[in-house]
Amino acid sequence: MDTNVASLILSATKPDGKLAQYLAQHGMEIVPVVEDEGNVDRYIVSDRLVAERRTSSTFLRGIMDKTLFTSAVFLHEHWELPILIIEGEVYNYYAGFSPQAIRGALTSMVIEYGLNVLHSAGLEETAEILGMLAKQEQTGIPEISMVPKRKADDLPDLQRRVIEMLPGSGRVLGKALLRHFGSVRAVMEASEDELRAVKGIGAKTARGIRSVCHSSYEAIDSEQEMEDAIEHSPRLLFHHPVQLLARQHYIFSDERERHIVDLVFLDEENREIVLVELKRGRLSREHEQQLQRYLDHAGESPLVTEHLRAGFALAGMLASLDETTYRPRNRAIHVAHVNRGKAIRAFAERNAP
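According to the working numbering, the sequence shown holds residues 1 to 353 in order.
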């Protein structure tokens, strides 16, 4: 597989099927799920995301026996992000089936039932889709640059594009800088005074270019890096010693829905076991509701239950790199602001050679 699925997990209604076994052979953990929906091929990625796989034959059969639509209702009612993966070419599978009926069923999945419909050519591509869904949902989605990109026509075009991205630059100044200094490297190494010698570049632009080219890269680029920093320095969240019990801790509900808790801490001083949900942006009511679901099902975790039986209380914490004025409605949920500078230093210390 192109996607590395090791350390990822899926709950499957057909754990012994070819697709589930293919994923397991590539390192993904497959958890069996008992469904009362009949002969469905369903993969639960998280408490909000599920994917149902239908081959060309099972998709068309589902139109005829109406199970496609009853299943769509079930998915829509139980998951925030329901996905239908159609494997194979449905229009060529059975020539006697009306193309209009197929198109109607496909569009109704989106409009009437709120499903996201994806298509795959075969089993291996379906596995790649599920692997990518699990990776992005369980470990986070890398940031996507909003700057439109095109393939460079040649080396000079690529050089211009690099310089055009500098503060205060653009197509005109980018060309002027390259003409003046002769290379990308020379532009990057130029002093502020040397930059100001180029027509159109003032003190502010020169200072900005110099800062970008010579400042160390310091950032927290993902929630996983936030976890790394907090694991190295729990004082980013707590003012007293605590013990980290787990990262990316799985909690299953009675219905075998899976909840993934970012961090679980044992707070001996306050006699609490704290479930931590990390966010890099502004906190919202939706984030509180997400953490509340984790708290509601925490008793299904043997790790948490062990400490609850020992007399510890259960608490939740929403933590973000952004300062926030959000106040949770649930008194058992606290809000913490993670100092960005301290988190960056902690992450750097953790990864220092």
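These are calculated hints, taken from the structure and not from any lab test. For each residue, glycine too, the CB sits at the ideal point set by N, CA and C. Honestly, I wouldn't trust all of these hints.
Only pairs whose alpha carbons sit at most 30 Å apart, straight line, appear in this in silico DSSO-like list of lysine-lysine [stated by the list, open to error]:
| no. | residue 1 | residue 2 |
| --- | --- | --- |
| 1 | Lys66 | Lys18 |
| 2 | Lys342 | Lys204 |
| 3 | Lys175 | Lys151 |
| 4 | Lys151 | Lys135 |
| 5 | Lys279 | Lys342 |
| 6 | Lys279 | Lys175 |
| 7 | Lys175 | Lys204 |
| 8 | Lys199 | Lys14 |
| 9 | Lys151 | Lys66 |
| 10 | Lys199 | Lys175 |
| 11 | Lys199 | Lys18 |
| 12 | Lys175 | Lys14 |
Cβ pair distances, simulated, as ranges [what the hints assert, rightly or not]:
| no. | residue 1 | residue 2 | range |
| --- | --- | --- | --- |
| 13 | Arg345 | Glu80 | 31 to 37 Å |
| 14 | His180 | Ile111 | 31 to 37 Å |
| 15 | Ala332 | Gln21 | 21 to 27 Å |
| 16 | Leu81 | Asp296 | 17 to 23 Å |
| 17 | Asn270 | Arg327 | 17 to 23 Å |
Going through the hints against the structure:
1. Annotation: proposed proximity of lysine 66 to lysine 18 holds, straight-line Cα distance about 25 Å (limit 30 Å).
2. About 28 Å separates the Cα atoms of lysine 342 and lysine 204, which keeps this hinted pair within 30 Å; it holds.
3. The suggested pairing of lysine 175 with lysine 151 holds, with an alpha-carbon distance near 18 Å, which does not exceed 30 Å.
4. Of the supplied pair hints, the one linking lysine 151 and lysine 135 holds, its CA atoms being roughly 28 Å apart against a limit of 30 Å.
5. Between the alpha carbons of lysine 279 and lysine 342 the distance comes to roughly 16 Å, so the proposed pair stays at or under 30 Å and holds.
6. With a C-alpha separation of about 40 Å, the suggested pair lysine 279 and lysine 175 falls outside the 30 Å cut-off, and the hint is violated.
7. The straight-line distance between the Cα atoms of lysine 175 and lysine 204 is roughly 19 Å, inside the 30 Å bound, and the hint therefore holds.
8. For the suggested pair lysine 199 and lysine 14, the alpha carbons sit about 68 Å apart, so the restraint of at most 30 Å is broken.
9. Only pairs whose Cα atoms come within 30 Å are accepted, and lysine 151 paired with lysine 66 is rejected, the gap being roughly 47 Å.
10. Taking the CA atoms of lysine 199 and lysine 175, the gap is near 11 Å; set against the 30 Å cutoff, the hint holds.
11. Restraint check: the Cα-Cα separation between lysine 199 and lysine 18 comes to about 65 Å, which exceeds 30 Å; the hinted pair is violated.
12. Restraint check for lysine 175 and lysine 14: not satisfied, since their Cα atoms lie roughly 59 Å apart, outside the 30 Å limit.
13. Checking the proposed 31 to 37 Å range against arginine 345 and glutamate 80 shows it holds: the Cβ atoms sit about 36 Å from each other.
14. The hinted window of 31 to 37 Å between histidine 180 and isoleucine 111 is violated, with their beta carbons roughly 57 Å apart.
15. At about 42 Å, the CB distance of alanine 332 to glutamine 21 disagrees with the hint of 21 to 27 Å.
16. One distance hint, 17 to 23 Å for the beta-carbon pair leucine 81 and aspartate 296, holds here, with the actual separation near 20 Å.
17. Separation of asparagine 270 from arginine 327 is about 20 Å and conforms to the stated range, judged on CB atoms against 17 to 23 Å.
When the structure is compared with the earlier hints, violations turn up for hints 6, 8, 9, 11, 12, 14 and 15 and for no others.
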